[in-house]
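**Q** Read top to bottom, the protein sequences are chains B and X. So for the first sequence, this note's numbering puts the first residue at 1; every next one is plus one. So for the second sequence, this note's numbering puts the first residue at 1; every next one is plus one.
If you are wondering where the hints come from, they were derived from the structure by calculation, not from laboratory data. Keep in mind that this is a model prediction, so the values were computed, not measured. For every residue, glycine included, the Cβ atom is placed at its ideal position computed from N, Cα and C. Misleading hints may appear alongside valid ones.
Claimed, not checked - What the simulated footprint calls covered on chain X by chain B, stretch by stretch (three residues with Cβ under 8 Å from a Cβ of chain B suffice, anywhere in the stretch; the number is not a length):
hint, segment
1, 45 to 59
2, 85 to 92
3, 116 to 127
4, 254 to 262
To be verified - Chain B residues, not near chain X, derived (Cβ > 10 Å throughout):
hint, residue
5, 5
6, 33
7, 42
Said to hold, decoys possible - From the structure, some residues in chain B lie toward chain X, with a derived Cβ separation under 8 Å:
hint, residue
8, 11
9, 16
10, 57
11, 58
12, 83
13, 90
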Amino acid sequence: MAEREKSPDDNIVICRCEDVTLAEIRELIAQGYHTIDEIKRVSRAGMGPCQGRTCRQLIARELAIALGVPVEQVEMPTFRPPSRPVLLSTIARGEADE
Amino acid sequence: MREVDIAVIGAGPAGLAAALACGESGATTLLVDYMDAPGGQLIKQTHKFFGSERQFAGTRGIQIPDIFIGRLSKMPNVQLMWGVNASGYYADSGVLTLEDGGKFIKVKAKRVIIATGAAEKALAFENNDLPGVYGAGAVQTLMNVHGVKPGDRVLMVGSGNIGLIVSYQLIQAHVEVIALVEAARCIGGYLVHAAKLRRAGVPILTSHTIVRALGEETVRGAVVAQVDQSWQVKPGSEREMACDVICLAVGLTPLVDMMWQAGCEMRYVPALGGHVPARDENMRASNPAVYVAGDAGGVEEASSAMISGEIAGISAAKSLGFEVQGAEARLGQLKADLAAIRSGPTGEKICAGVKCATVCGGEW
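Isolated chain X, as found in the complex (with noise of 0.2 Å):
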């Protein structure tokens, strides 16, 4: 059986900010990811990010990953795995099961890092298994990665950033967005996205929802209406509208499996996008060898996602005896760097989440 330091499980934002401060401790690090290419949702982020230099400002999301790689390949206390399935976490004996093309794998790993993301909510609706129903991370992968059109006329369910980008994505790409929905009362992303499809012209109904959409063998409309303050439907409020893309962007969820099975304290956090683990402020899980990084953590954006990848490294690394230059301040710039990206009142929700999933004290 194989054995190493540290295996980070996920090789997006998060995962690649975390292998990265690993290896530079000298730990030996396994960085792992079922993708045949690193990056996760970075492959298809083409937009530059904003914030601070530190992470990345003014480059675009899928310029990142090579930067992580050129560094990570040089460093010979790395492996880097692609295209290879992590499919279980023994939390007795701290093993870890990998599946590399029908190949098994066991690699006995004494800290575990958890970047593995969050999965797209689904909305029930009548017909939501109709062929043209996608989910918003899909029609981006479909564009942005294949260049494949999703369709010609797309209505876009919810307002948060991913569904106000993509949005504005597919109008590059010359698809129509025929509308927007979100059944809350305001918009849910940033304004200078959603001023952005104002300005191309769309229409963005907020109290609204999809009820049904229309077609029997593909999507040829949608039946959408207004919505109530207790998010029923208005009677009589309901009208077709004609499209052949629905596309969902009702959220994402933390995707934790690895931390349940090993037997982490799990809560329930909404702001978060649902179950997340319990965690100290260097992103230790309530089992001492896990730790957790990004999305997996609790749904933000990728900045964040390497900030809480790096926390998380580092400590990891400190944990076994690692030297890493300059640790305590450097922990104290990516909390104040993280903190910066909170500040504001779209980062008010994600702090108070967080507050719930910390620890008291921040210390276990």
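For reference, chain B alone in the conformation it holds in the complex (with noise of 0.2 Å):
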């Protein structure tokens, strides 16, 4: 990202897994990516080992304000198994022999 000011909001972190600042998200809001799933894909916020638990509603909160509506109407991410970490030799392996 270019270079700025720093503000409070760079020691506020949102997105604990993936290190992702309320800086950071204001910034993208205002280059607007308007929903949960863009904001995602560009920061990474929610696809670290909590999948989004602690972030996810810290995210639809800030694009309420800053879009003036109301929480229910920020649209939820796409949910997609593994819901927890698993690695991908498991994965690979196949289905374990009973």
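Can you join these two chains into the complex? Each is in its own frame, and there are hints to help.
**A** Structure representation (structure tokens):
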């Protein structure tokens, strides 16, 4: 991101897994990323081990304030398996023999 | 691929009660939890439950899982799996994917009961990633499960029952609670819990919030401030407080990833903590193979979770044609018990939320 002055928002962490700050989320919204999925794809917010359990609602709230809509109108991202971290090697080995 | 009649995901109070009802019906039942031991949040609830004897009034939360497991482990048609991740649900085939210590397992289940509980909400304030900032659930786990003191001076944020109870348990562990801040104008939890804190001399600052955590490497203090009616910080009201732990108890939100994966109709109900599956009176979701139980269907507490779990278990078994003894009478009693728990001023919000989440007329 472009150089800009430090603000207190730089010290507010929204996505702990991927270390995305409130300043970064607000910058992305200002650039026109207006859904949780879009913000997720450019910033990785919500793609870490907790899969958005911490940050999803905080980002939804930021979007609601910025867009002037109630939180329930903020579209939720797509939920896909696995919902918890699984090693690729585990999946690659295929189903365990019983 | 393994096949079962009913798979129950999550072995907290809701999942344990659901699995017991399924097991009693004769259905082949699989109960899965990602923790190494069953119980969910019960494993740290050292206080005695109140309410009805049917929901273990007078028993400490930590004793309840053993009561369930004692009965479940005698049932040949029930399989228990701990330390197993339920990582996905594929609605088109009814297949669950599980991960057991590096082994990938597929299970085809005719019915799935989602009892995955809830996650703690976070709060956006400056330096909220400093070591020493904890969720209240984490503090409770450290103290009551592992016997570890989280610190010496705690600022508690949030005055719901979790914030109040964890504050009191901290005091019992000889940790100082310097203050409890609450952004709303009133205390959120039960008066009986708040009164204990006041008697212990803990200041409860309503209409106050945390502005920032102080410290370089770890928490050394916090700046708190008054908020106005639109939740904005009143200029000039900031003040510093010395503490080494900031404990966040700002509410829970249902863990419903698998319900989204199952394509269930979801509704945003703030009174229940966020998005919850639409359900009928018997806890069945819009996908008829999927049931919800406990906090995953709306954040309440352990007694109501056990009731909704039993309702979901009986209903799921019945839907597959299993004979559940006295099913109608039991369902009637359970629904009456739920209504009793939700009566009173604190239950009003829950009742309104449940109404929003329940399909019109109570049936799909």
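**Q** Does each hint hold? Answer for all of them.
**A** Taking the hints in turn, this is what the structure says about them:
1. 45 to 59: violated (count 0)
2. 85 to 92: holds (count 6)
3. 116 to 127: holds (count 7)
4. 254 to 262: holds (count 5)
5. 5: holds (16 Å)
6. 33: holds (18 Å)
7. 42: holds (20 Å)
8. 11: holds (5 Å)
9. 16: holds (6 Å)
10. 57: Hint holds; residue 57 of chain B Cβ to chain X Cβ min 6 Å, cut 8 Å.
11. 58: Constraint on residue 58 of chain B satisfied, holds at 6 Å.
12. 83: Hint on residue 83 of chain B: holds, closest Cβ of chain X at ~4 Å, below 8 Å.
13. 90: holds (5 Å)
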